[in-house]
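Enquirer: Once you have looked at the hints, place chain B on chain A.
Sequence lines, in order, name chains A and B. Heads up: the first sequence begins at 2 in our numbering, then just goes up one per residue. Heads up: the second sequence begins at 386 in our numbering, then just goes up one per residue.
No lab work stands behind these hints: they were computed from the structure. Be aware that a few hints might be false.
[Said to hold, decoys possible] Straight-line Cα separation of at most 25 Å, SDA-like style, residue types lysine to any residue; simulated pairs:
1. K590/B <-> D570/B
2. K228/A <-> A634/B
3. K24/A <-> I38/A
4. K388/B <-> D109/A
5. K24/A <-> A634/B
Keep in mind the model is a prediction, meaning the values are calculated, not measured.
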Amino acid sequence: MTLVIIVLLVWLAAWWLNIRLAKLPNRRWIALLVPAIFGLTLLVIWEGVVRGLEVRAVLLPPPTAIAVAFYSKMPILWVDFVQTFVKGALSGYFIGCSAAFLTAVAVDRSPFLQKGLLPVGNFVAALPIIGMAPILVMWFGFDWHSKAAVVVVMVFFPMLVNSVQGLQSSEVMQRDLMRTYAAGYWQSLVKLRLPAAMPFIFNGLKICTTLALIGAIVAEFFGSPIKGMGFRISTEVGRLALDMVWAEITVAALAGSAFYGSVVLLERAVTFWHPSQRG
Amino acid sequence: MLKEIWAKLSPIGVVVLAIFLLWYLFAIVLNAPWAHDKAKRAGAELSFPQLVSDTWSQDKPKLPAPHQVAQELWKTVVMKKITSKRSLVFHGWITLSTTLLGFIFGTGLGILLAIGIVHNRAMDMSVMPWVIASQTIPILAIAPMIIVVLNAVGVSGLIPKATISMYLSFFPVVVGMVKGLRSPDAMQMDLLKTYNASRFELLWKLRLPNSMPYLFTSLKIAMAASLIGAIVAELPTGAVAGLGARLLAGSYYGQTIQIWSALISAAALAAVLVSLIGLMQRLTLKRMGMAA
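So here's chain B without its partners, still in its complex pose:
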């Protein structure tokens, strides 16, 4: 058992370690010009250890070293009160609520569309090509307009941002659920027909349970897409609140450490959300007797 886990984790560990090494190395290379520049103005010559320590501790480095980002994260996540505007928990919460709202809308819309598509041939033929086409449109480009327009109508706050998350997250759900709802084989469908099952019973007792593995796979993609939507949706609101706003504010003022810490917390948020769905998937499928 232990040996199996080790065999699985050690390659991942090596890759992650390599990434960190490369990160430190790039930090030296990218920050070196500024360090040399500073030393020249001070009229000093930098030895190699001095150069390294300087590149890893600059105020506005081109690439902050991992420990600088970790320090900033510690400062803004743990040390600040969570109601403070400088707390990443505060900003993360705003992004999270947008993400979840958009995700719920998107999943609901996706499942409804999928049920319609599976049951109605005309809808399948007319809507499905447009659902696919809708994703070749870079919707994120429309994000600023949706925000501004909805604000002008008087809808503000979470809803406009969640709309963008919804648009990004409904697509994987539609595609996955259409596949899932069609996954029962002809034998099972025939069995229910011999029971004189109505279309609703067919949906509720056979199609929906059968589609669960597909649903969870698409939910994971939808969640990741929803978070991206939420972050981008925060950009045009003028960098007020949220992880996206932290990114934009950081890029205005050249606060690279702030950008990286916002980025890392967004990544952590994505990882937690996706693995939560993974956990739900395992529990549900186990109870339904469908665990792989």
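Looking at chain A on its own, in the form it has when it is part of the complex:
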């Protein structure tokens, strides 16, 4: 019980600290520190409540136990990471996004196709595409190829819709200017419409990072070799080894955040001119 009370006190103290910090003038380190304190407090509350109320480890292991599992099972986690993230998610992400981008550039030449593909693409992007996973596993076998295929199908339509919209986003005035320069199709594509499309394309790329990881992991529930993050999660849940499951989730969270973060960094480098980046 004392543990729970200590946790409550820590929580109140952190809360008070965050309110004080939020009132200070805007600084970069405050914008980083406040969420960090919040996250740390959550971990402390988690640890304290689990230990204080003696929640069984098969229900919810404390963060320290997860950290121990993470550290001691590093080799297994690494194998799973390579199988699911590097082979499945990343390769599917690259194939799917570049295929969608090339399709968008091709579609952009024909207004008729644009009018037809945009609504259909928007519709398909809202569908539960993840349901294709069992079919694709059947077609491409249990190894990472089928996971990459699921990722390709999942990222294709969101990416296509965003790229097509992006390629249309240059203004009539700007396009007219290109015409007065006697710019050809390729010149206006490379010098005007592609740069103008970049914010939209990066929006699509960011959405697709999460989709890619989800697709690769969920596809493994439908069949996989004896490695991979989705496989490990579903089997360890069956054995009630929840600390291992949470360690795997930590890997997924770290990989997902790093993936998203690197796309954001790339976006900052490419679309530095956009108002949302200059803020």
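Expert: Just chain B now, with coordinates in the frame of chain A:
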């Protein structure tokens, strides 16, 4: 008027038609090896029309032709009693109830979080980054664990599945509503301040009405996400009931036609739900005088 509708619909029609053509074509290509195999064992040679008709009517094809899926849908949606375990309406209803419950939870949580974030700077600074980070975590990966753990505590039935739907659907609502609640411009805020409006009145009479267009846009995304959550949540429950369970059972037994019909009905469900929200959006915004 008619001409406008035609101009809008004909490109969509052409694209859809092209998809169906490609589908039939792929059905021939993908199912051909099995057809040739069968013919070889029977000691017969397949002519092209025979090959086509065979690839479009196999029992467990690699890719069933659209009309086979349509037949299966007709059989399992219309011909079966809806209480029957083989009826897709029965399974669809289970998925639908999970989806809606999770959607309602998620929307409620999302709106509450957004109101908190808009009114409290400390909350904005500490919660918002984590809300965004929470979505880079492939939550669907945790789905089996949430189901198993909640089952062990004694919570079973709809709630565990709805929890997953909720987690997926609250995010778009938070992001959209924070934007929406902040959308009134300074002039309007100042006007309410001259009326001596309290913070609650400011929220109720200006911020909430102003956020409606944002809310509906996020609701559409949230609904689609909620359905995905519901389908995936049904996988680890051991393929008992629901569209996700039909997918899993189909993949165990190689019943491709069953998988495709479950997939198509999930797609139809998503389309109906999202367009219902679209309809609500149009009616509400029209009455509020905000129709685009």
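Enquirer: Run every hint past the structure and note whether it holds.
Expert: We went through each hint and held it up to the structure:
Distance check on the hinted pair: K590/B and D570/B sit about 14 Å apart at the alpha-carbon level, within 25 Å; holds. For the hint linking K228/A to A634/B, the alpha-carbon distance of about 23 Å falls within 25 Å, and the restraint holds. Of the supplied pair hints, the one linking K24/A and I38/A holds, its CA atoms being roughly 15 Å apart against a limit of 25 Å. Proposed proximity of K388/B and D109/A is supported: the alpha carbons are some 24 Å apart, at most 25 Å.
Among the hinted pairs, K24/A with A634/B is inconsistent with the structure: their alpha-carbon atoms are about 56 Å apart, more than 25 Å.
Of the numbered hints given earlier, the model fails hint 5 alone.
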